[in-house]
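Protein sequence lines, in the order shown, are assigned to chains A and B.
Heads up, the first sequence is in the working numbering, so the first residue is 1 and it goes up one at a time.
Heads up, the second sequence is in the working numbering, so the first residue is 1 and it goes up one at a time.
Since the hints were derived computationally from the structure, they do not count as laboratory data.
All of these numbers come straight from a predicted model, not from anything done at the bench.
For glycine and all other residues, C-beta sits at the position ideal for the given N, C-alpha and C.
Check before you lean on any hint, since a few could be wrong.
Covered, in the sense of this in silico footprint (three residues per stretch, anywhere, with C-beta under 8 Å from a C-beta of chain B), are these stretches of chain A [as the list claims (entries may be wrong)]:
id : stretch
1  : 134–145
2  : 155–167
So the derived list for chain A, only partly shown, Cβ under 10 Å to chain B, looks like this [what the hints assert, rightly or not]:
id : residue
3  : S2
4  : D4
5  : L5
6  : F88
7  : L90
8  : L91
9  : I94
10 : L125
11 : D126
12 : S186
13 : A190
14 : N194
Distance windows between CB atoms, simulated [what the hints assert, rightly or not]:
id : chain 1 : residue 1 : chain 2 : residue 2 : range
15 : A       : A283      : B       : L148      : 50 to 58 Å
16 : B       : S2        : A       : S235      : 48 to 56 Å
17 : B       : A64       : A       : A197      : 29 to 37 Å
One letter stands for each residue in the lines below.
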Amino acid sequence: MSLDLIRDILIATVPLLVIFPTLFAFTTWLERKALARIQNRVGPNKVGVPLTRYGGRFSLFGLGQPLADGIKMLFKENIVPRDADRLFHLLAPILALIPAMLVLCFLPLEFPWTESLLPVQAFLLDGAVIFFFAITGLNTLAIFMAGWASRNKYSLLGGMRAIAQMISYEIPLVLSAVVVVMMVGSLNAAEIANAQADWNWFVFTPWGLAAFVIFFIASLAEINRSPFDLPEAESEIIAGYFTEYSGFKFALFFLGEYIAMFAISGLAVTLFLGGGAGPGVAALPWLSTVWFIAKIFALIAVMIWLRGTLPRLRVDQLMGFAWKFLLPLSILNIIVAGFAWHAQQQASGILKAIIWVACLLILYATAKGLDQLNRPNVRPREYKYAE
Amino acid sequence: MSEQIAFWMLSAIAVLGALVAVRKRNLIHGVFALMIFFAALSGLFLLLLAEFIAAVQILVYIGAVGILLLFAIMLTERVTGDDGRRMTSRGWFWGLVVAAAVFVILLLPAIQELPPPEAAQAIDPSVKELGHKLMNPYVVTLEVLALLLTAALIGAVTAAQGVRIPKEEDSSE
Chain A
1 MSLDLIRDIL IATVPLLVIF PTLFAFTTWL ERKALARIQN RVGPNKVGVP LTRYGGRFSL
61 FGLGQPLADG IKMLFKENIV PRDADRLFHL LAPILALIPA MLVLCFLPLE FPWTESLLPV
121 QAFLLDGAVI FFFAITGLNT LAIFMAGWAS RNKYSLLGGM RAIAQMISYE IPLVLSAVVV
181 VMMVGSLNAA EIANAQADWN WFVFTPWGLA AFVIFFIASL AEINRSPFDL PEAESEIIAG
241 YFTEYSGFKF ALFFLGEYIA MFAISGLAVT LFLGGGAGPG VAALPWLSTV WFIAKIFALI
301 AVMIWLRGTL PRLRVDQLMG FAWKFLLPLS ILNIIVAGFA WHAQQQASGI LKAIIWVACL
361 LILYATAKGL DQLNRPNVRP REYKYAE
Chain B
1 MSEQIAFWML SAIAVLGALV AVRKRNLIHG VFALMIFFAA LSGLFLLLLA EFIAAVQILV
61 YIGAVGILLL FAIMLTERVT GDDGRRMTSR GWFWGLVVAA AVFVILLLPA IQELPPPEAA
121 QAIDPSVKEL GHKLMNPYVV TLEVLALLLT AALIGAVTAA QGVRIPKEED SSE
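Please model the complete structure; the sequences and the hints are all you need to start from.
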């Protein structure tokens with residue numbers, strides 16, 4: 001292996017390993033601050049520059065909090081239950097982090113310093129999107145491993161819940177991405193992003209909008225975000241699969257969860273929101289990186305907002321929503337997109353608009369109909385001994 | 001040269017993973033060793049520039065088959081295998097004979113072509129090409145397979161549902 005190749009691989013990968021954990025630290029602060037504001041609290045506002053005497057004087061809106069949290073996590077005791085499977089208990093948090101970090105390389109995120117490199121980037125691979133889904137799925141195994149290795153019934157329940165939920169929601173997730181792959185005719189992440197230049201974002205088409213909404217909901221379930229955070233529902237099963245984790249192992253789970261959040265938001269940006277496209281990119285190419293990360297943060301802001309406002313689903317609601325609502329809708333969306341693609345080949349102008357409106361109506365009517373069909377048959381409660 | 005090194009490393013991991021999967025008495029450890037084997041196999045596919053097959057190998061074998069195995073194991077007893085029972089080792093001779101026979105039969109097509117041709121036939125294993133092949137000559141096979149899997153799924157649901165016990169017997173107890 002030539003030295004040039006090794007150097008190029010390092011230049012291409014090390015920034016990913018530095019930038020995203022840094023963003024993770026910032027996101028934890030953002031999430032705590034935003035949740036606090038939603039709940040009419042102040043949130044972290046004391047820690048400025050940790051480990052110095054200026055920490056208290058210049059609080060910097062509490063921006064030093066993530067660093068203080070990290071140091072706290074590092075110094076906490078590592079407790080392993082006596083009956084736990086020690087090897088798997090150690091491996092699970094690491095295995096939770098690896099797939100999340102690995103899929104970052106399939107995002108078409110071009111940094112200014114990677115332009116002169118040999119073509120080593122993985123998002124140029126022929127099946128980058130399929131690779132993304134395949135490797136994201138490995139996260140499930142880590143969660144099950146953690147649940148099983150802890151020798152704790154709550155951990156195991158959390159792990160089994162995580163598997164059931166992730167398998168169910170992976171299907172609408174992949175099927176909604178199929179629409180974009182059909183339209184572009186490629187599984188190459190860079191090609192998909194380039195196909196959406198000049199504001200031809202897929203989210204601006206009826207089928208793209210439907211697919212984006214399905215993808216976003218399914219991705220929330222896939223990364224265990226609220227309102228789909230049943231595997232770690234603290235009111236039912238303590239903390240789910242990481243009940244028996246403390247110290248830095250817990251921090252690794254936390255990091256893995258947030259990196260997975262970045263990764264799946266990045267894929268949503270690639271598939272539906274035009275990748276790095278945005279105003280001013282033609283003049284200044286490095287702006288595309290900024291736009292990409294800004295779009296990721298826009299999606300994450302929505303996730304935080306949802307976490308602050310929506311209650312958690314019940315298990316039967318969770319499964320019903322995936323199999324009875326999202327799955328039929330995404331299958332119909334594929335069919336609609338197929339017809340629309342063929343119709344658009346010949347049509348132009350006014351006919352195109354009609355096709356768009358028709359597609360929008362079909363998708364809206366289907367969503368409404370599925371919603372009506374899935375409504376539980378619940379009557380108002382009758383009180384016998386009270387009014 | 002680097003491909004040679006990668007090939008030998010991946011092969012070693014695959015063989016070790018397979019051995020651990022067979023030898024471990026703890027079923028969960030065995031399944032995870034099997035997954036390491038699948039992952040190494042996927043790496044070997046990548047070395048052959050068959051990216052799509054590599055991705056599907058991870059998606060199907062680790063993502064689906066592995067998790068199915070885990071679900072099945074969670075429904076069985078004696079998962080950890082530390083209750084002192086020993087596996088019987090009778091008949092190991094015939095086992096070895098059968099294993100060797102299977103190995104030779106699998107290698108038969110390669111043996112028949114000895115000495116190996118200088119350069120392999122140039123093929124274009126792109127995803128697009130595969131998709132066209134699946135839709136044009138093999139579409140019937142694909143549909144039949146899909147139908148078979150659907151039938152299996154419905155059968156599994158029916159079998160899992162079992163016989164419904166009438167409600168009156170339940171409440172009379």
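Item checked: Enumerated hints in conflict with the structure, sorted upward -> Violated: hints 4, 7, 9, 13 and 14.
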